[in-house]
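Trainee: Residues per chain, in single letters:
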Amino acid sequence: MREFSREEIDSVLDLAASLEPYARGKKKSDIFAGKVLALLFFEPSTRTRMSFETAMKRLGGSVINLGPAEGSSISKGESLADTVRVIGGYADALVIRHPKEGSARLASQFSPVPVLNAGDGAGHHPTQTLLDLYTIKKESRLENLSIALVGDLKYGRTVHSLAYALSLYGADITLVSPPTLRMPDPIKADLFSKGTMVRETSDLGEVINNVDVLYMTRIQRERFPDPVEYKKVASSYRITPEFLAGSQSNLIIMHPLPRVDEIDPAVDSTVHARYFQQSFYGVPVRMALLKLLITGGD
Amino acid sequence: MTLSSPGKGEKIEAIDIPKDEPRGLRVKPITNGTVIDHIAGGQALNVLKILGISGTTDATVSVVMNVESSKLGKKDIVKVEDRELLEEELNRIALIAPNASINIIRDYKVIEKHTVDLPGEIVGVVRCQNPNCISNTIEPIKSRMLVKTRNPVLLRCLYCEQPLTDRIAEYLI
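So the sequences go chain by chain: Y and X. Each residue of the first sequence is one higher than the one before, starting from 1 at the first, in my numbering. Each residue of the second sequence is one higher than the one before, starting from 299 at the first, in my numbering.
Please note that a few of the clues may not be correct.
As the list claims (entries may be wrong) - Calculated cross-link-like contacts (lysine-lysine; reagent style BS3-like; alpha-carbon spacing at most 25 Å): (1) Y:57 with Y:28; (2) Y:231 with Y:154; (3) X:411 with Y:154; (4) X:326 with X:407; (5) Y:26 with Y:188; (6) X:446 with Y:194; (7) Y:26 with Y:138; (8) Y:194 with Y:137; (9) Y:35 with Y:57; (10) X:411 with X:372; (11) X:446 with Y:76; (12) Y:188 with X:446.
As the list claims (entries may be wrong) - Derived list of chain Y stretches under chain X, where covered just means 3 residues or more per stretch with a C-beta under 8 Å from a C-beta of chain X: (13) 76-82; (14) 88-102.
Read the hints as simulated data drawn from the structure, not as lab findings. In this text, all values refer to a predicted model and were calculated from it rather than measured experimentally. For each residue, glycine too, the CB sits at the ideal point set by N, CA and C.
Whenever a hint applies, use it, and build me the whole structure from the sequences.
Mentor: Spelled out as structure tokens, the structure:
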């Protein structure tokens with residue numbers, strides 16, 4: 001996301017808005033007729049993979065899948081460079097998720113067709129960031145936003161990319177995490193250097209009543225060697241209707257999903273919940289990106 | 299290759315420390331070759347590594363370490379005889395010695411003087427410190443580091459964007 005300008009992001013979000021009726025199935029189009037998208041997921045994915053598939057098919061295109069890595073050439077030791085050169089010959093664009101950081105950039109150097117990064121290890125997940133921005137724009141506001149990023153800010157790639165992108169819009173960012181899962185210093189330094197207001201705290205209660213957006217992330221059990229410590233931390237970042245009692249009426253709660261127990265299901269029916277809409281917005285945003293890559297936006 | 303710690307009073311063949319210059323050090327002139335001066339103290343061996351000079355070299359190489367320097371506090375000096383370093387090699391030195399100055403010697407005379415300057419991108423010289431970076435795998439690529447700042451040197455991996463600054467010498471290929 002570091003390489004995107006604000007103008008480029010705005011143009012993707014505007015295009016996504018114009019494609020939303022197609023994403024909902026209310027309008028029909030076959031602009032991708034005869035076009036093939038290859039999905040190369042070397043790691044499990046549900047939402048990202050299926051929303052790309054939906055985006056392609058709703059606009060008349062078709063999709064091919066790498067399939068389980070065990071049965072493919074990868075298990076025979078083929079390099080990623082060779083894999084994308086071969087599959088790039090079968091498709092009009094590639095979508096890749098891979099456990100190694102930098103894999104999407106490498107793929108783009110070897111692929112004969114455009115490559116979209118659907119998550120590279122602990123690195124970036126730019127399409128998630130764009131759909132997060134789209135959600136904020138639709139359900140709240142992007143300008144002068146006050147947002148709390150909550151949970152695992154050390155390893156969570158979605159919050160790193162989102163923080164960079166929000167810095168382009170002058171957001172006021174509060175980082176809420178246990179001390180062991182704080183956002184890495186180089187990322188904070190980058191945000192400061194862009195003039196972004198960044199605060200850090202471990203106490204969610206301190207900020208809940210003062211933000212427009214609460215962006216929750218999952219705290220993974222495996223990050224904690226001590227299960228007791230995990231339970232203590234996880235329960236301190238659990239959102240319930242009671243916890244939201246003093247919050248602003250226009251507060252929205254987002255989550256990249258899947259959630260475990262950081263948001264009580266009783267919150268789903270409150271006016272604050274937006275995580276299922278957020279998940280849907282992945283379709284128009286990915287439609288917009290595919291349109292730009294496959295047809296050049298025409 | 300000869301090594302010296304002149305500050306401790308050692309004296310070796312290629313280094314001449316006159317008795318009337320107790321704080322100074324004069325390196326014996328070479329006929330032809332390259333003298334790299336103003337290397338930050340302790341970095342001379344890493345400079346040799348960057349230049350691909352190992353213990354099996356046939357070249358005559360002199361290394362002086364931790365000499366007093368008004369500019370740097372302590373500095374190292376490297377002399378490589380009968381070899382004129384290429385500009386690309388010189389600029390790699392800037393990775394760990396951004397203040398280095400280079401003299402090309404022919405027939406005892408300094409015929410070129412250079413300061414070092416890093417290019418915008420360093421290819422195949424420094425590996426990424428991120429063990430999970432795609433550049434540290436079997437892929438048919440060389441490491442690529444973008445130079446973000448020059449003094450102090452700050453590199454960023456083109457692939458995974460991980461920064462590298464104060465431990466560059468450890469990651470020289």
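Trainee: Decide, hint by hint, whether the structure agrees.
Mentor: Verification of the hints:
Between residue 57 of chain Y and residue 28 of chain Y, the direct Cα distance comes to roughly 11 Å. Compliance with the 25 Å bound is thereby established for this hinted pair. Only pairs whose Cα atoms come within 25 Å are accepted, and residue 231 of chain Y paired with residue 154 of chain Y is accepted, the gap being roughly 18 Å. A distance of roughly 47 Å separates the Cα atoms of residue 411 of chain X and residue 154 of chain Y; the hinted pair therefore is violated under the 25 Å criterion. With a C-alpha separation of about 13 Å, the suggested pairing of residue 326 of chain X with residue 407 of chain X holds against the 25 Å cut-off.
Between residue 26 of chain Y and residue 188 of chain Y the alpha-carbon distance is near 42 Å, which puts this suggested pair outside the 25 Å criterion. With a CA separation close to 15 Å, the supplied pair residue 446 of chain X and residue 194 of chain Y stays within the 25 Å bound. Between the alpha carbons of residue 26 of chain Y and residue 138 of chain Y the distance comes to roughly 19 Å, so the proposed pair stays at or under 25 Å and holds. A C-alpha spacing of about 21 Å is found between residue 194 of chain Y and residue 137 of chain Y, which places the hinted pair at or below 25 Å, so the restraint holds.
As the CA atoms of residue 35 of chain Y and residue 57 of chain Y are separated by approximately 10 Å, the hinted pair is consistent with the 25 Å bound. With a CA separation close to 21 Å, the supplied pair residue 411 of chain X and residue 372 of chain X stays within the 25 Å bound. In summary, the hint linking residue 446 of chain X to residue 76 of chain Y is not supported, as the alpha carbons are separated by about 38 Å, beyond the 25 Å threshold. In summary, the hint linking residue 188 of chain Y to residue 446 of chain X is supported, as the alpha carbons are separated by about 17 Å, within the 25 Å threshold.
Check result for the region 76-82 of chain Y against chain X: holds, 4 residues qualifying (beta carbon to beta carbon below 8 Å, three or more required). Under a criterion of three residues with beta carbons nearer than 8 Å to beta carbons of chain X, the stated coverage of the region 88-102 of chain Y is upheld, 5 such residues being counted.
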